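Undergrad: Residue-level listing of the chains:
There are 2 protein chains.
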Amino acid sequence: MPEAFRADGIDMRTRHRVEEIDAKRALVTVTDLEAGRTYTESYDQLLIATGARASPLKAAVSPTAPPTVQLRTLADADCIANMLIGVRKLVVLGGGYIGLEMAETARKLGLDVAVVEMASHVIPTFDEAVSKLVEEELRRNNVQLFTGSRVVELDSGHVVLDNGERIAADMVLVATGVRPSTTLATATGVKLGATGAIAVSHRMSTNVKRIYAAGDCAESRHVVSDRPVWMPLGDVANRHGRVAGTNMAGGNATFPGVLGTAIFRVFDLAVARTGLSHADASAAGLFPVSEMIKAPSRARYMSGSKTVHIHLTVDRLSGRLLGCQVVGADAVDKTIDTVAAAIWGKLTASDLLDLDLAYAPPFSPVFAPVQVAGEVLGKVTRTMRNELAATVMGYMF
Amino acid sequence: MPEAFRADGIDMRTRHRVEEIDAKRALVTVTDLEAGRTYTESYDQLLIATGARASPLKAAVSPTAPPTVQLRTLADADCIANMLIGVRKLVVLGGGYIGLEMAETARKLGLDVAVVEMASHVIPTFDEAVSKLVEEELRRNNVQLFTGSRVVELDSGHVVLDNGERIAADMVLVATGVRPSTTLATATGVKLGATGAIAVSHRMSTNVKRIYAAGDCAESRHVVSDRPVWMPLGDVANRHGRVAGTNMAGGNATFPGVLGTAIFRVFDLAVARTGLSHADASAAGLFPVSEMIKAPSRARYMSGSKTVHIHLTVDRLSGRLLGCQVVGADAVDKTIDTVAAAIWGKLTASDLLDLDLAYAPPFSPVFAPVQVAGEVLGKVTRTMRNELAATVMGYMF
Numbered sequence: 002m003p004e005a006f007r008a009d010g011i012d013m014r015t016r017h018r019v020e021e022i023d024a025k026r027a028l029v030t031v032t033d034l035e036a037g038r039t040y041t042e043s044y045d046q047l048l049i050a051t052g053a054r055a056s057p058l059k060a061a062v063s064p065t066a067p068p069t070v071q072l073r074t075l076a077d078a079d080c081i082a083n084m085l086i087g088v089r090k091l092v093v094l095g096g097g098y099i100g101l102e103m104a105e106t107a108r109k110l111g112l113d114v115a116v117v118e119m120a121s122h123v124i125p126t127f128d129e130a131v132s133k134l135v136e137e138e139l140r141r142n143n144v145q146l147f148t149g150s151r152v153v154e155l156d157s158g159h160v161v162l163d164n165g166e167r168i169a170a171d172m173v174l175v176a177t178g179v180r181p182s183t184t185l186a187t188a189t190g191v192k193l194g195a196t197g198a199i200a201v202s203h204r205m206s207t208n209v210k211r212i213y214a215a216g217d218c219a220e221s222r223h224v225v226s227d228r229p230v231w232m233p234l235g236d237v238a239n240r241h242g243r244v245a246g247t248n249m250a251g252g253n254a255t256f257p258g259v260l261g262t263a264i265f266r267v268f269d270l271a272v273a274r275t276g277l278s279h280a281d282a283s284a285a286g287l288f289p290v291s292e293m294i295k296a297p298s299r300a301r302y303m304s305g306s307k308t309v310h311i312h313l314t315v316d317r318l319s320g321r322l323l324g325c326q327v328v329g330a331d332a333v334d335k336t337i338d339t340v341a342a343a344i345w346g347k348l349t350a351s352d353l354l355d356l357d358l359a360y361a362p363p364f365s366p367v368f369a370p371v372q373v374a375g376e377v378l379g380k381v382t383r384t385m386r387n388e389l390a391a392t393v394m395g396y397m398f
Numbered sequence: 002m003p004e005a006f007r008a009d010g011i012d013m014r015t016r017h018r019v020e021e022i023d024a025k026r027a028l029v030t031v032t033d034l035e036a037g038r039t040y041t042e043s044y045d046q047l048l049i050a051t052g053a054r055a056s057p058l059k060a061a062v063s064p065t066a067p068p069t070v071q072l073r074t075l076a077d078a079d080c081i082a083n084m085l086i087g088v089r090k091l092v093v094l095g096g097g098y099i100g101l102e103m104a105e106t107a108r109k110l111g112l113d114v115a116v117v118e119m120a121s122h123v124i125p126t127f128d129e130a131v132s133k134l135v136e137e138e139l140r141r142n143n144v145q146l147f148t149g150s151r152v153v154e155l156d157s158g159h160v161v162l163d164n165g166e167r168i169a170a171d172m173v174l175v176a177t178g179v180r181p182s183t184t185l186a187t188a189t190g191v192k193l194g195a196t197g198a199i200a201v202s203h204r205m206s207t208n209v210k211r212i213y214a215a216g217d218c219a220e221s222r223h224v225v226s227d228r229p230v231w232m233p234l235g236d237v238a239n240r241h242g243r244v245a246g247t248n249m250a251g252g253n254a255t256f257p258g259v260l261g262t263a264i265f266r267v268f269d270l271a272v273a274r275t276g277l278s279h280a281d282a283s284a285a286g287l288f289p290v291s292e293m294i295k296a297p298s299r300a301r302y303m304s305g306s307k308t309v310h311i312h313l314t315v316d317r318l319s320g321r322l323l324g325c326q327v328v329g330a331d332a333v334d335k336t337i338d339t340v341a342a343a344i345w346g347k348l349t350a351s352d353l354l355d356l357d358l359a360y361a362p363p364f365s366p367v368f369a370p371v372q373v374a375g376e377v378l379g380k381v382t383r384t385m386r387n388e389l390a391a392t393v394m395g396y397m398f
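Residue numbers (the working numbering), protein chains in the order written: chain U, 2 to 398; chain X, 2 to 398.
I should point out that these hints are in silico values taken from the structure, not numbers from a laboratory. Here the structure is a predicted model, which means the values were calculated and not measured. A few of these clues could be false.
Because identical chains share one entry, a pair is satisfied inside a single copy or across any pair of copies.
Stated by the list, open to error - With a cut-off of at most 30 angstroms between alpha-carbon atoms, the simulated DSBU-like pairs for lysine-lysine come out as follows:
hint, residue 1, residue 2
1, Lys25, Lys109
2, Lys133, Lys25
3, Lys347, Lys59
4, Lys295, Lys90
5, Lys307, Lys210
6, Lys133, Lys307
7, Lys59, Lys192
8, Lys25, Lys307
9, Lys210, Lys90
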């Protein structure tokens, strides 16, 4: 891998740790971990791409507790695969998508699996109506769920929850999320945003001259709320890097912002989101209205047609699309990408209904699920506008 | 079926033929074909939804010619299914999507199949680079192709082309397209547009008071070119009907226009389009530039990843999306719907690259195929803008 980079003229130094950045003199202090040697190196432009680290487990761990591992690196994955041999009861801490993907894998290996989630529902960045569908799918596949529960202790063969419940465990996987790695940045005077990640301009520059930041350690701007958000996702990191690299090399690129679009699979379902959740939108000071609809993914008489559940959030009065969440066994990625493009174009719920999408029975019903959602929210917002108009008229006359 | 409509309070009269419309007195003359009785009926609002009819075959047909049928109605389909018994060599006239779907079905039944297309390539509403991929798929599946060829004669056991070539045939299927059924409309003074279909307002009204038109007999407005077009497609007809019906019942609905989005399957490929082809865009007085790109549908290491071919057409200088055609064995419907939403939002090629789409290895590569196309066309249009700027500067100094 380092050889491949060297072939491209990139002097990649693995097993080297940056100890300190001296921004004034544009120097970094580096330790070569193999040679045990520390030296300084100058820079013209510096990129902080320190990524994220797994959130630490906050629980009392007894010496006889079951083996506990987290999944963050490929080495972690190899380690888990080896440790799973002989394990029958696995407890996953964290009901985010990493936790759920691990739960699924373990169930497919035949293990008993329990998932513990602190929030009131799994995948807590999704609205509850969507999470409920995911919880049904997990239960259907015999994954035990403990939501609204915090782990307080790992003792001999058990995970102990704050309500006193004890879950038998031969092994514990920690997937309680990640935090941005910012120690080096803050020590250098690089400012963090309210999210706790590094604050960056749309050119991915930090507050410190010649220092850029990109990837899981840096913030992004949300296209819908126009606020800084922290989105530690692979495709976002990739784009950050392209923008920062272009600017550091003398070019001029701007990061267009994110919608927080994401997708994952859990058993037979795909689960996806884009834009703001209802809760996000309210928190951002917007006035959202949301509805959950379901519709067939293809013409009803075609085999392979499955129910698509769409939770669509729009501005109450204008109908402007704010966000969407989709769950189903078919057409989930298509639906979410269509809505992502529609949000990017600042379209409304009624526009969704009007869209000329590709219809043919093997691919879609005459009205695609996303259009059914557009129609429902279009009606809701029209009603709200009419009620507002009636109220205003009531004051005027 | 008529009973179902009657249950909804709709007086449906099947086996009735309208002979004449008297628009001045708001009367129709109707023949009850079962009873052999002709009577008049008054109307407040009238909808012409006479659809389209199959284009007639223009060739000399000898009395000993192979049986020849066209596919337009469900009854035609039953008839063809019966006639196919004992047939070994089938010739399909017309290489549009109906002709190709019939060719595929016949190949799957084990027949020898030849397709004759007048234009230089099959699916002639698509740009040639896309048609070529479809032709390869047809040949791979042992469908014989005769493009740029017109049928002049059907004689004993053969189809004869204008170049003298003779194709052996036990049966001939005619799928040479459809024409709007407008005889009744024109006899009433209803005006046709340049496309030959009925000219309508955005409310689906015709030039004649109280007469509306909808479906395959009526024009639509193209959202990109802002010109009337004729799109005899099921989903367009459905939307026409909803708008016309709403207005005729005293409501107020407008037809938002079409992008000409369509999709069909041929063997292992899905083939789709939205917006204007390169040729359409030029004919509409626009200045298009197009590129063909290919990209994997999912992360390369995921099984199920297939090559997606995208032919993207944008405005040469602004980069505004004009149209897109997609061919592949995966993610074709997703790609085309994403572009359709993007065109609706008046996005550019660069916006396509910037879009925050749903990335996860089972669903998409980090950069979705549609984004690769956006990047390529974004670069092309930037180069063209720079060249134009250089030329202008050259004149100025």
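Undergrad: Hint by hint, note whether the structure agrees.
TA: Checked hints:
1. Lys25 / Lys109: For Lys25 and Lys109, neither the intra-copy (54 angstroms) nor the inter-copy (73 angstroms) Cα distance is at most 30 angstroms.
2. Lys133 / Lys25: neither (53 angstroms within a copy, 60 angstroms between copies)
3. Lys347 / Lys59: neither (42 angstroms within a copy, 49 angstroms between copies)
4. Lys295 / Lys90: neither (36 angstroms within a copy, 46 angstroms between copies)
5. Lys307 / Lys210: Answer is neither: 53 angstroms inside a copy and 45 angstroms across each miss the 30 angstroms cutoff.
6. Lys133 / Lys307: within (18 angstroms within a copy, 33 angstroms between copies)
7. Lys59 / Lys192: The answer is within: 27 angstroms in one copy meets 30 angstroms, while 77 angstroms across copies does not.
8. Lys25 / Lys307: The answer is neither: 60 angstroms in one copy and 51 angstroms across copies each exceed 30 angstroms.
9. Lys210 / Lys90: So Lys210 and Lys90 fail the 30 angstroms test inside a copy (52 angstroms) and across (76 angstroms) alike.
Against the hints set out earlier in the document, violations occur for numbers 1, 2, 3, 4, 5, 8, 9.
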